[in-house]
Amino acid sequence: MYQNKMNIQFTSHSENEAFARATVSAFLAQLDPTIDQLYDIKMAVSEAVTNAIIHGYESDPTKQVHLMCEYKLEETQPPNIIIEITDFGQGIVNIDEARTALFTTAGDADRAGLGFTVMESVVDNVEVFSELGKGTTVTLQKQLF
Amino acid sequence: MKIKTEVQNNILVVRLDGEIDHHSSTLIKETVDQLYQKHRVRHILFDFKDVTFMDSSGIGMLMGRYRSTIIGGGKVMLVEVKPEVDKILQLSGIYKLMKLYKDETVAVANL
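Sequence lines, in order, name chains A and B. For the first sequence, my numbering gives the first residue as 1, with consecutive numbering after it. For the second sequence, my numbering gives the first residue as 1, with consecutive numbering after it.
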């Protein structure tokens with residue numbers, strides 16, 4: 001069994017959304033994913049990182065977003081990827097509500113409220129752990145069939 | 001994300017090049033809103049030929065532009081969306097509000 005893992009943290013600047021996508025793509029290139037698989041993963045990472053920045057931290061540039069990516073390679077199995085995006089920000093009041101399509105707490109801003117919907121459609125499994133006033137971790141799991 | 005714009009009669013043509021995410025959506029919104037007002041155009045046409053990625057922030061940006069145009073009875077039109085980018089447009093249901101056309105000529109002809 002072969003395992004690989006990376007952990008980064010970066011300032012809660014929207015510029016870093018592209019950086020997060022590129023970093024995860026570069027790390028997972030080792031697995032030789034298809035273009036579609038990589039695009040799907042980029043979408044999920046982009047949504048989760050954006051949520052951390054604009055909701056977790058309300059775009060506070062003094063804060064850091066944490067991104068972990070790991071994968072396991074087992075003899076007869078397709079690679080299994082786990083990605084965790086963590087913020088130590090305000091937390092989610094009601095996770096089920098937050099995960100509902102079109103729900104957003106963004107007020108007037110042009111926000112579609114589709115972040116979780118997109119994540120759920122492009123990866124196998126999405127788990128959300130959150131504590132008010134403490135932060136949120138979104139865990140994405142995808143197996144590269 | 002690079003943005004090029006043109007005014008053609010009463011249409012603001014917006015040519016996007018690069019990735020559309022929360023960061024670039026803010027820039028697109030500011031640029032488009034300012035020009036839309038300044039030139040008093042009615043419709044907005046987004047040229048997606050060189051768009052390589054879009055997440056749901058792009059959907060929010062398009063929805064916001066839809067809201068601006070609908071007030072004056074205008075339309076938002078999309079042209080040349082790549083298949084991978086089309087995924088999120090389909091998923092969001094935004095095609096109920098704005099149509100995808102093969103190219104600009106077809107889009108303008110359908111106004």
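Bear in mind the hints are in silico, worked out from the structure with no lab data behind them. The C-beta atom is built at its ideal place from N, Cα and C for all residues, glycine as well. Among these hints, one or two may not hold up.
[What the hints assert, rightly or not] Simulated coverage check for chain B against chain A, where a stretch passes if three residues somewhere in it have a Cβ under 8 Å from a Cβ of chain A: (1) 30-44; (2) 68-82.
[Said to hold, decoys possible] Far from chain B, some chain A residues (derived; all Cβ distances over 10 Å): (3) E15; (4) F27; (5) P33; (6) Y39; (7) K63; (8) N80; (9) D96; (10) V118.
Do the hints match the structure? See the list:
For the segment 30-44 of chain B, the stated coverage by chain A is violated: 0 residues have a C-beta nearer than 8 Å to a C-beta of that chain, whereas at least 3 were required. As drawn, the segment 68-82 of chain B meets chain A at 0 residues by the rule of a beta-carbon pair under 8 Å; below three, the given contact is violated. Its beta-carbon lying about 6 Å from the closest one in chain B, E15/A breaks the requirement of being farther than 10 Å from that chain. No Cβ of chain B approaches the Cβ of F27/A within 10 Å, the least distance being about 17 Å, so the stated non-interface status holds.
Annotated as non-interface, P33/A keeps its C-beta farther than 10 Å from every C-beta of chain B; the closest such distance is 13 Å. Not every C-beta of chain B lies more than 10 Å from that of Y39/A, the closest at about 5 Å, which undercuts listing it as non-interface. Even its closest Cβ contact with chain B, about 16 Å, leaves K63/A beyond 10 Å, as expected for a residue assigned away from the interface. Under the 10 Å C-beta cut-off, the non-interface status given to N80/A relative to chain B holds; the minimum distance is some 23 Å.
Against the 10 Å criterion, D96/A stays outside the reach of chain B, whose nearest CB is about 19 Å from its own CB. Interface exclusion of V118/A from chain B breaks down, the closest Cβ pair being 5 Å apart, not more than 10 Å.
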